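S.K.: Sequence:
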Amino acid sequence: MHDKGIGRALGVVALALVCAGTARAQPAQRPAAGAVFGGASASTSGKALDLTVDINESYDQNVTVRSGSDEFSLFQGSGAYVVLTPNLDFVSHGNRVQWAMNAGSNGRYYSDTGEVIVTNESGAANLSVRLSSSTTMSLNQSVAYSASPFAGLFVPSVAPEIGSAAPPTSNYSLDAFKSYTSATGASVTHRISPRATMSFASDLGYTATPRTAGYPSVQNRDVGGRIAYSLSRDLRLQFGYTFRQGQYEGSPRSTQHDLNIGIDYSRPLSRTRKTAISFMLGPTVASVPLTVGSQDVRRQYRLIGDASLRHQVGRTWALQASYRRGIGNIEGFQAPVFTAAYSASASGFLGRRTDLSLSAAYSTGESALTTGTPDQFATYTGDARLRIAMTRMWATYVEYLFYDYNFNRTVLAAGLPPSLTRNGVRTGVTMWIPVRRR
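One rule links them: number in this note's numbering = place in the sequence shown (from 1) + 27.
Bear in mind the hints are in silico, worked out from the structure with no lab data behind them.
Lysine to aspartate or glutamate pairs mimicking DMTMM-like chemistry, simulated, CA-CA at most 25 Å apart:
#1 K205 with D81
#2 K205 with E393
#3 K205 with D431
#4 K301 with D291
#5 K205 with D87
#6 K205 with E142
Please read these numbers as outputs of a predicted model, since none were measured by experiment.
Given the sequences, and given the hints that come with them, work out the whole structure.
M.R.: Laid out in structure tokens, this is it:
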């Protein structure tokens, strides 16, 4: 990577370290005593149906590198617009059955041109059933529309909750890119003994990119199992194997055999606080096409893995960090890519009315095709958000966003500049409505 790329990477890593030392992440923190905004401390017991509506005024300053005669789209130029994001959540927690559903949308209005553009729509549902005292089954289905290619490069620092839809990626929209994604998953977990559990999982995903030049549709499927054994109250050892299969439209299937071993460590700091560390590491054998559209494949051997950290600091702050290394078929590309992705997020309450959240992510990689010089790319993002509760149902906020990418021209479709740096500012209000609770 050139000197400029190294400097950017060091800057993002430094930002992540600052976040780790000063604040903590959202889902693991406890609300401040007597927190005003009701959405920050919504209960998940029993049944709940919540509506959240976010509206903000946004401004993006985009610095792009022109290549050839490409014309910049509305997403690539600097300008102001209004964003509306409604979101509906439903949860039902019973003794044996749990339901979770989510639906959301994200749209923009450009006053200068009078255009209304929907950048994201998504929905998801999850059913979890305790079949017996030792066996649990879970089914999950999600669908999404997105106008943001390459969003799959970023690894979330916080694992998604069951039944949650894909998060809005409007901030990363680059062009009139359109993709429609469906993902179906099923898993079964069985406790073999007081110390050992066995689980099996399978996922099927398909992303269609109609009328989007240079971006083929892609399908993914995987199936695998894992055995976990508790060495102590706080330490658990895991062994797993997963078979993966992916295919870009017009190319042969690529396959992977992932074998990994790892640990889960959770140390209670008190009755309400703890630190949890998890990592998995192992080899993969991947068979990928020699070139884009080629029917010939070649076997590759790679080291893959992932790691996560969850740490509570104080009673109302928490830290999350994640790392992922692997090969994947990601929308927005034309062939499998090998990536290394890092992320960190931190958030907590500054008082009864004020909370702060910080996040940073970095991803780099190359094409998995073996055609000589690899196609390099790197993406960076950072976000800082301060929210102040006005009442139990209303809150106002201000947010700063940074997004940067650098791609080899050969991996991009026509119309996208090979380099872009985005600085964005958002200020708006969030309304939380508890439609029904029991």
